[in-house]
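**Student:** Listed here are the chains, written in short residue letters.
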Amino acid sequence: MNYEFDWSLLLQEPNWGWVIEGISNTVQLSLMAWGLALVIGIFIGTIRMAKSRVLRLVGTTYVEIFRNIPLLVQLFLWFFVFPLLLPDDFMRAWNRLDGVPFLTALIGLSLFTAARIAEQIRSGISSIPKGQFLAAYSTGLTELQTFRHVIIPYAFRVMIPAIASEFLTIFKNSALTLTIGVAEITGAAKTIEAYTFRGIEAYSAASLTYMLTTASVVIFMGWLEHVLRIPGLIGKR
Amino acid sequence: MDFSVISDNIEFLMLGLMRSFQLAVFTIVFSLTIACFIAIGRVSSRRAIRYPSAIFVNLLRSNPLILIVFWFFFLVPLITGKTLPEFHTVLIAFVVFFAAYFAEIVRSGIQSVGASQVKAALSTGLTYSQSMRLIVLPQAFRNMLPALVTECVIVFQGTTIAYVIGMREFLHSTSLVAERTVRPVELYLFAALVYLVICFAGTRLALFLEKK
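Protein chains in written order, with the numbering used here: chain A, 118 to 354; chain B, 4 to 215.
Next up, chain A with everything else stripped away, as it sits in the complex:
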């Protein structure tokens, strides 16, 4: 193997610009998709535990569909199929929007991840002793109030590690959106490699982004878990 390293090439234009744009797109996309996925996932996860059978069925169907179709296929469905199914006027309006790939990626990533988060929420809620529900109902809270004021704040703490790891999953999954034209960091690295044939430098930039993010999230979440822990519920560190 003979390969001459030239790390300075990453700092040259246009490569540096691509790296920065890539990192910023990856971070923006994953944060936004994570936020959306949390909201949808908490909603779906909660209705899967509801008393109503219809609600439970809706929740389960959502989870099974979005979890069992590969993310790449889902992205293609949103990108190639979804606009064609819209009424003509909507389709034209959609195609005129700025950044359709980014929007598509946001929809696809968050709906996919919501199914995974819903599963985490469900297992988090299942881990809560039944007495908590009974106690909440006995104070006169409605089902909705019980979930909002008692169960979710409680379950949320139990689920912090799982939710953090979902952020890391979404962060890595966002790399797939390069297939529909989002200039995120893996796509940027691929572009640099294609132009310069400096694969090691280019892919290192991308790998480093993912690894540093993973490390910082792991450290931050360890701290957060420690701060938010309910005494006696989560093991002491």
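Don't take each hint at face value.
[Stated by the list, open to error] Just some of the chain B residues that point at chain A, by a computed CB distance under 8 Å:
#, residue
1, 81
2, 166
3, 211
[Claimed, not checked] Straight-line C-alpha distance at most 27 Å; calculated DSS-like pairs for lysine-lysine:
#, chain 1, residue 1, chain 2, residue 2
4, B, 214, A, 168
5, A, 247, B, 214
6, A, 247, B, 215
It is worth saying that the hints were derived from the structure and are not from the lab. Backbone N, C-alpha and C define an ideal beta-carbon position, used for all residues, glycine too.
Using the hints provided, position chain B relative to the given structure of chain A.
**Tutor:** Just chain B, lined up with the frame of chain A:
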């Protein structure tokens, strides 16, 4: 909608699906084998073994699969000096990547068995490798079967990533037919349905094993 495009091209599509299955099966067999060694390394008492295995696992788990595939497409020709068929390159990347994930599953399986089992096995005069092979791993496999099945479903879903480098697996075949016939709606919905059915069966199996 006109679903006759699917029956017209079914042979071509099924060929792609077979390729996806091939990639998934080879990946699972090879990566699971490697994963057993790495997992044993992860629980080893020797630092010289434990640290490298931990680094391997964490390095791969913090990168996206698609990036690992790009890495290998660049590195394999550079190291071997020749271009391997794309199926082989993708397979190498997949095996390395999923070995890290399987290793974590095997490790938690091993740790679920408990140290007393190892001590008991060692006290009967078995060597360390014998007690791992004959006592710990069989029990560990039973405990981790649901997680393994779930991971196999993830491997199968992951084969779609081979699309990116142009390997003709199921998603790529679908997209080729979609472009040629200009019928993306029918074809992508069909592909989604096929993946849904296969993966749903897999996740149900995992659930069934978990309850058992």
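**Student:** So, for every hint listed, does it hold in this structure?
**Tutor:** Hint check:
1. 81: Nearest chain A Cβ about 6 Å off; hint holds.
2. 166: It holds, given that the least Cβ distance between residue 166(B) and chain A is near 7 Å, below 8 Å.
3. 211: violated (15 Å)
4. 214(B) with 168(A): holds (23 Å)
5. 247(A) with 214(B): Roughly 21 Å separates the two Cα atoms, so the pair holds.
6. 247(A) with 215(B): holds (24 Å)
Violated hint for the displayed structure: number 3, the only one.
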